[in-house]
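Engineer: Sequence:
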Amino acid sequence: MKITVIASTYNAEEWLEKVLLGYRCQTWRDFELIVADDGSRESTRALVERFAADYPVPLRHVWHEDEGYRRQEILNVAILEARHDYLLFTDGDCIPRRDFVQVMVFSSGTTAPCPSSTRFGRRRAKPSPRCARSESLSG
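The numbering of the sequence shown is my numbering, which starts it at 6 and goes up by one.
Read the hints as simulated data drawn from the structure, not as lab findings.
Values in this document were obtained by computation on a predicted structure and should not be read as measured data.
The beta-carbon is built from N, C-alpha and C at its ideal position, and this holds for glycine as well.
Wrong hints could be hidden among the right ones.
Stated by the list, open to error - With a straight-line cut-off of 20 Å between C-alpha atoms, the simulated DMTMM-like cross-links for lysine to aspartate or glutamate are:
#, residue 1, residue 2
1, K23, D104
2, K23, D98
3, K7, E19
4, K7, E47
5, K7, D35
6, K7, E22
7, K7, E86
8, K23, E72
9, K7, D98
10, K7, D104
11, K23, D90
12, K23, E54
As the list claims (entries may be wrong) - The following label-pair restraints were derived from C-beta to C-beta distances:
#, residue 1, residue 2, range
13, D59, G114, 30 to 40 Å
14, P61, S113, 27 to 37 Å
15, E72, R34, 27 to 37 Å
16, A57, E19, 27 to 37 Å
17, N16, G114, 13 to 23 Å
18, S112, A51, 31 to 41 Å
19, G114, H69, 19 to 29 Å
20, D59, K7, 31 to 41 Å
21, M6, R46, 17 to 27 Å
22, E47, R75, 28 to 38 Å
23, K7, A57, 14 to 24 Å
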């Protein structure tokens, strides 16, 4: 099962950075992440581009001009940009725990193969050193 995670944001780079760290360290890797930006300043785009250069899953940024609160409109744009059939919506200040996407996959009621990076029972994947900081942020 492939998932598109859509995270909405507006001028909250400090939180968005923590969210991006959290999704970088997911145990389930068969997803893409789209940041749906409701008109943030240039520094948000720069943050996403910096992460996208070395991100373990596809990371994209969709943006529109700041003309007031139009979050639903940019979410609609992100939906149209999604490459997968299953959509998972979150906010740019909700830091995911390491198994967030995996839990959503298995709670959906579909049967999906287990990637080798997941953990079940006694098998446990070792987090990469890059995820150590994020793990303390996301539980």
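Engineer: Now, for every hint given, state plainly whether the structure supports it.
Structural biologist: Now the hints, each set against the structure:
no.	hint	verdict
1	K23 with D104	holds (15 Å)
2	K23 with D98	holds (8 Å)
3	K7 with E19	violated (28 Å)
4	K7 with E47	violated (30 Å)
5	K7 with D35	holds (5 Å)
6	K7 with E22	violated (23 Å)
7	K7 with E86	holds (14 Å)
8	K23 with E72	violated (26 Å)
9	K7 with D98	violated (23 Å)
10	K7 with D104	holds (15 Å)
11	K23 with D90	violated (26 Å)
12	K23 with E54	holds (15 Å)
13	D59 with G114: 30 to 40 Å	holds (34 Å)
14	P61 with S113: 27 to 37 Å	violated (22 Å)
15	E72 with R34: 27 to 37 Å	holds (36 Å)
16	A57 with E19: 27 to 37 Å	violated (18 Å)
17	N16 with G114: 13 to 23 Å	violated (37 Å)
18	S112 with A51: 31 to 41 Å	holds (35 Å)
19	G114 with H69: 19 to 29 Å	violated (34 Å)
20	D59 with K7: 31 to 41 Å	violated (21 Å)
21	M6 with R46: 17 to 27 Å	violated (35 Å)
22	E47 with R75: 28 to 38 Å	violated (18 Å)
23	K7 with A57: 14 to 24 Å	holds (18 Å)
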